[in-house]
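**Q** Build the full structure now, drawing on both the sequences and the hints.
Protein chains in written order, with the working numbering: chain A, 1 to 393; chain B, 1001 to 1287.
By construction, these hints were calculated from the structure, which means they are not laboratory data. Everything numeric in this text was worked out from a predicted model, so none of it was measured. Some hints here could point you the wrong way.
With a cut-off of at most 20 Å between alpha-carbon atoms, the simulated DMTMM-like pairs for lysine to aspartate or glutamate come out as follows [stated by the list, open to error]:
#: 1; chain 1: A; residue 1: Lys265; chain 2: B; residue 2: Asp1117
#: 2; chain 1: A; residue 1: Lys187; chain 2: A; residue 2: Glu158
#: 3; chain 1: B; residue 1: Lys1159; chain 2: B; residue 2: Asp1172
#: 4; chain 1: A; residue 1: Lys265; chain 2: B; residue 2: Asp1172
#: 5; chain 1: B; residue 1: Lys1165; chain 2: B; residue 2: Glu1175
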Amino acid sequence: MSILNRRLFLGASAAALAAPSLLGAQTMPIKLGSLTPLTGVGGTYGPSMRDAISGVINQVNEAGGLLGREVVLVSEDTQTSPEAAVRAARKLIDVDGVAAILGTWASSVTTAVAPLAWESRTMLMCVSGADSITQLPHQGFICRTQPNAELQINTAGEFMLREGATQLAWIGRQTPFAELSIHVLEKIAAENDFGMDSLIYEADKTTYRSEVDQILRSNPDFILLGGYAADTVVLLRDLWQAGYEGQIVGPAYAVNPSVLDTLPKDVTEGVFTWEGAPAVESAAYANVQQILGVEDVDPYSAQTYDHANLSILAMAAGEGTTGDTIQSNLRLISQGDGALVDNAVDGLAMLSGGINYSGASGPCDFDDIGDIVGTQFVFKLISNGVASVHSRT
Amino acid sequence: MELLPQLLINGVIFGSLLAIPAIGFTAIFAVLRFPNFSVASHATIGAFAGYAANVWLGLPTVPALLFAFTTAAAVGCISDEIALKPLRPYGALTAAIASIALTIVLENMVRLGFGNDLRGYNLPLMRDWRMYGVRVGPQQLQNLILALMIMTIVFLALKFTRTGKAMRAVADNPELAELKGIDPTFVGRLTVFFGMGLVGAGGMLLGLGTSIDPLTGFRFILPIFAAAVVGGLGSIPGSVIGAMVIGIGEELSILVLSATYKSAVGFFAIVIVLIFRPRGILGERKF
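**A** Here it is, written out as structure tokens:
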């Protein structure tokens, strides 16, 4: 056998050996990862966030899959803890080889997971608000459907002014957006010649009586809360017991239905909440309602529903199954002049003509650094233990 | 500084509540000679048992507290028998690590049964009373009285009952106690029963003024441990003093530190004690 023939033989053998794995790669399921807080302080939201993603994937698979392949969901729990989230993200990236990680909730968690995502060129879609997240050098591998903290606090600050505040206060736990929240509120107070006091407390304490005593020394007439549900429930109780008679506004994820169920109605009476308004009139929202079997969809499940649709459509548009494909094609399918679609199944059918995905959380248009644009907010007023719409922006 | 009297009152009330699980923790250490970190999940179990008794069965606070005590005590005995007792011959470190694993298992069992949602007791909430510029909540005062009653019962039981004396004997010198006819295994079980019962009752008392979730006990583990170490691991009066030091120290710390660093008081107290008085304020085995 000549050298050439031996080379040919070796080449043919290698090709024959590699063929099954290459063919296998073409038929292997496409993996998407969900990294939601199934436990910990975000545990109220995590399970339904995951179920919304799962529902989208089921619908796509029933309609024939993506690029002729089945899509599977690999779900992990962040435990609302950066350390646990990093371990889970490593598993999703290194072991499962997911194209995208969807649904990180707490800003501290997203911040911790972000470098793993962009270093492995895995797309990360989050619902976290800290401004610093999209300012990281993520090379387009991060986007969020949650408005950033600066926009959120500005919106809440303007609301407080409209409601007649003259002495502002911010009290919340240590988070990546705590300092920024205080800064934004101080700026608003300075522009209007109002007083402003702030206090950052430690998470996971069983009482905030002393912190309440301290913040009430400035006699605020409007307090903005900056915690999560577990500490907010303690704080609201302590404020009420201390006899605070002013107004309170808190993020809807902190003053959530679980908090309203837990606290006596007197404690939450007159408290305002605000949140990015889901597109409640949209077909996408109705689809999430059907998937989850609930009437009121929380904003985070609406957002993770959009994460799943966006990932699938971006991979279909780029005819690839990697994080790179999603990163390159995300804005191609989420904004522009294409036909409006509200779910991946319709989007896959209409892809060739150009599409613009508009989902359950809103239009899903992203700026250059991955921040959502065009978010509207809804303010709710709690009365008799029930939150009802007060105003919209 | 005008906040000082208020912070002192807040600290005393928090310290007295913290003392109950700290007594349980240190009693178990005194007799079984290992730090049982599963007190975290047993505090959670007590809090949820109390919740079930109060909200589902409609029982008032004191019967619900007894139910919390009994449930946590029973779970403590069973879990100790299954998970920790077989590992104790391998050393205190092995048993301590196993107790951390146990607390994760038990916490997740609570999560499986009750879910992640926050839950509140069905108790009337009242505004605080104000006297001489300081405020005290009626619920807080009731909790304080209950905590003091529990502490009194524990001290009387240890001093005057045969069981209490047997526990003290085993804590002081297990070999000598065995020579006197005291069964250390039985006393160990009794200690776990009463220790975990106290932890469960403490978990409910701490939960009464707030809300509970599967992480309720986990939030207390550092102050409980710090209280026991500061007072002297194995010393019951020491754990009460340690709880007061931690409780008052945490509250007063916000006069000089950001409230973000409250828990650092516990660590700081442990470091100071380990440097200047490694056996704690009262020393160990002052059962």
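**Q** The structure should be examined with respect to each hint, and the outcome stated for every one.
**A** Going through the hints against the structure:
{"no.": "1", "hint": "A:Lys265 with B:Asp1117", "in the structure": "holds, 17 Å"}
{"no.": "2", "hint": "A:Lys187 with A:Glu158", "in the structure": "holds, 11 Å"}
{"no.": "3", "hint": "B:Lys1159 with B:Asp1172", "in the structure": "holds, 14 Å"}
{"no.": "4", "hint": "A:Lys265 with B:Asp1172", "in the structure": "violated, 52 Å"}
{"no.": "5", "hint": "B:Lys1165 with B:Glu1175", "in the structure": "holds, 15 Å"}
The structure fails hint 4 only (numbered hints given earlier).
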